[in-house]
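Chemist: Residues per chain are reported as follows:
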Amino acid sequence: MSDSNLSDNSRDIIIDVDLHRRTSELADENLSLLDEHGVTAMDVLGSVGSGKTTLIGQIVRRLRDRLSIAVIAGDITTRIDADRIEREGVPVIQIQTGGACHLDGELVRRGLERLDLDAVDLLIVENVGNLICPAAFPVGSHRRVVLLSVTEGPYMAVKHPIMVRQADVAGINKIDLADAMEVDVAKLAEDVRSVHPEIEVVATNARAGEGIDEVIAALGLSGANSGSDGPTENEGRDA
Amino acid sequence: MHDVAAAQQIAATVLQTANEQEAELVRRIEIALGAMTMIDAEQLEFWLKQGLRGTVADDATIVIEQMPLRARCRSCKYEGEIEVPDDPIYHLMPFVPTCPECGADQLEVLGGAECVVRSIRVSDAEIADEA
Chain U
1 MSDSNLSDNS RDIIIDVDLH RRTSELADEN LSLLDEHGVT AMDVLGSVGS
51 GKTTLIGQIV RRLRDRLSIA VIAGDITTRI DADRIEREGV PVIQIQTGGA
101 CHLDGELVRR GLERLDLDAV DLLIVENVGN LICPAAFPVG SHRRVVLLSV
151 TEGPYMAVKH PIMVRQADVA GINKIDLADA MEVDVAKLAE DVRSVHPEIE
201 VVATNARAGE GIDEVIAALG LSGANSGSDG PTENEGRDA
Chain E
1001 MHDVAAAQQI AATVLQTANE QEAELVRRIE IALGAMTMID AEQLEFWLKQ
1051 GLRGTVADDA TIVIEQMPLR ARCRSCKYEG EIEVPDDPIY HLMPFVPTCP
1101 ECGADQLEVL GGAECVVRSI RVSDAEIADE A
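So the protein sequences, as listed, match chains U and E. According to this note's numbering, the first sequence holds residues 1 to 239 in order. According to this note's numbering, the second sequence holds residues 1001 to 1131 in order.
Isolated chain E, as found in the complex (with noise of 0.2 Å):
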């Protein structure tokens, strides 16, 4: 249900961009997403198509890029990429990172915690003039 109020939140977000910029269809929506976020992206997508159903974004095409794990190493001082490894569990439980190097399990996340909505492309009822 995590993946329903991040769903509810692109969504708004996307039909208030489309609204305020006067768009008559949403053709494209890119997303960013985390591997710390614990959502799925198969669900994710599957709830945002709920969520635009009936809107001017219900064609859209939905498009995710996984976003890595990458953190440093309060112990090692590692820094890099982590594997976040793909297991149902994780639904139930949250993943806790630990270091590549030393094991230790006190890591600053640098990149990964992130549900971006990058950018929509949208038509216009009619050519905007500066296009």
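So that you can see chain U by itself, here it is in the shape it has in the complex (with noise of 0.2 Å):
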């Protein structure tokens, strides 16, 4: 910058933040942090109603007799959510971003510093219902799960393709209505593997508890006692 046209008293201060590289160095740190006391962290994002409080109610409640489980529920303004997965008796933390549309690394920490972590083995943090703006904003986490669920028509996946790719399990949700929403999960679970072909696939009902045991094998946690029979390679009821 020149110095040149300055008048008087008026200096130019280079500052040169990328907001966007911020973002990512925060989720590191939050990363890093979650290491430093052996905390798993998995982060669940969905758009508003596809049952991301429920399925990590179902995952709350399979295992929690072998884990130590804390949530992280961001929300726009209410605590429903929180109120909902408290009830399965963890600690939850509710974040209320206060309009914003995604969690970000800095407001997880902030939760995460509410939390005894070493009393922690499993942290699952509830995005703000959303599939575009967290794509932008990751929190920190080893493994990310991506909900869809059939009521959101058939294109969510081919619609949504960045948030897709950074999610290691999807699941396709409410596979009880598939019928009535003339949605065919076979061609819904084809189309996320399509831009995405590592991902691991699986249908739910998350309400019914149906697909929970495929979910929580598909993140790694199944333990020797978690009663899941298939191995790490799920591929789910119908997808």
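Wrong hints could be hidden among the right ones.
[Stated by the list, open to error] Pair by pair, the computed Cβ-Cβ distance ranges are:
id, chain 1, residue 1, chain 2, residue 2, range
1, E, Gln1066, U, Arg66, 45 to 55 Å
2, E, Asp1124, U, Arg21, 26 to 36 Å
3, E, Cys1102, U, Glu198, 20 to 30 Å
4, U, Pro197, E, Leu1110, 19 to 29 Å
5, E, Gln1043, U, Ile76, 11 to 21 Å
6, U, Glu182, E, Gly1054, 51 to 61 Å
Simulated from the structure, these hints should not be mistaken for lab results. We put the CB at the ideal spot given by N, CA and C, even for glycine.
The task is to assemble the complex, starting from two chains supplied on their own in separate frames and drawing on the hints.
Modeler: Right, here's the structure in full:
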């Protein structure tokens, strides 16, 4: 920058801070903190009403006897989701984003500060219901789940490839409603794999507890006594 | 609302720097905004102005330089700029760039994902010694 045209007491200060890069750094810092305390973290992404809270509740119910679990739930204003998960008997930190459409590394770090991380084996982060903005804001997790539901229509995977590519596991939820919605679950699973060939796809009916063990296996969280009968190579029921 | 979050972060960065540097006024803010941030420059400027109201940067001129998407194709090795269409639909779904040469969508983004607070021009209460 040139100083030549500055009047008397003006000066230029070079900042050069890339906020985009800063978001990744914050996520990496969270990951380091989690690793230091031996915490495995997963985050769950999905549209409003895709079934994130229900899925998390089911995962908690199956793993809480074996693992010490904590949940960070992001929501724009309410505590509804946090209250639902708290009923499963695990600590829940509610983060109200106050209008922002996603969690970010900074918000999650503040949540981590409120947890006794040495007492946590598994941290589950529920992002704000949104498949666009959270793709640009990693929170710092070891495994990422994207939850699509058939009630969102048949095109979710091709409409949101960026999010699908970031995920390790894709759940296709509400398969009990697939016929009513005229959505072909196998086709949706195929779409998911076409944008991200390495992803694990699991068909679920989270409300009824269907496919939950397969999600847990795909996340690499199946223990000896988890009741899952398959190896980690899981393709889900209909997927 | 994505734009709001970016504006808040920019405002915080600007005000923190101004405070550290004991500036009386911030006159100008220079930002580089990548085409792949999916942040609209006009909306960003609007929210940034809101975020700076009543602060030392209230009257600052905001300059936003739009940075093009630059990418390398993993398939055909094309490397260069890729046009990002200016379509409001991409506020609702992400734009997926494809290679202008071979059409593949497996691109390595080299530039255009950034949102950089480059510099601020400030004026001081007293003339700085080194000025």
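Chemist: All hints are to be evaluated individually against the structure, with a verdict given for each.
Modeler: Verification of the supplied hints:
Between E/Gln1066 and U/Arg66 the C-beta distance comes to about 51 Å, which sits within the given range of 45 to 55 Å. In this structure, E/Asp1124 and U/Arg21 meet the distance hint of 26 to 36 Å, their C-beta atoms being roughly 30 Å apart. For the pair E/Cys1102 and U/Glu198, the supplied restraint of 20 to 30 Å holds, since their beta-carbon distance comes to about 22 Å. As the Cβ distance of U/Pro197 to E/Leu1110 is approximately 23 Å, the hint placing it in 19 to 29 Å holds.
About 19 Å separates the C-beta atoms of E/Gln1043 and U/Ile76, a value consistent with the hinted range of 11 to 21 Å. The hinted window of 51 to 61 Å between U/Glu182 and E/Gly1054 holds, with their beta carbons roughly 54 Å apart.
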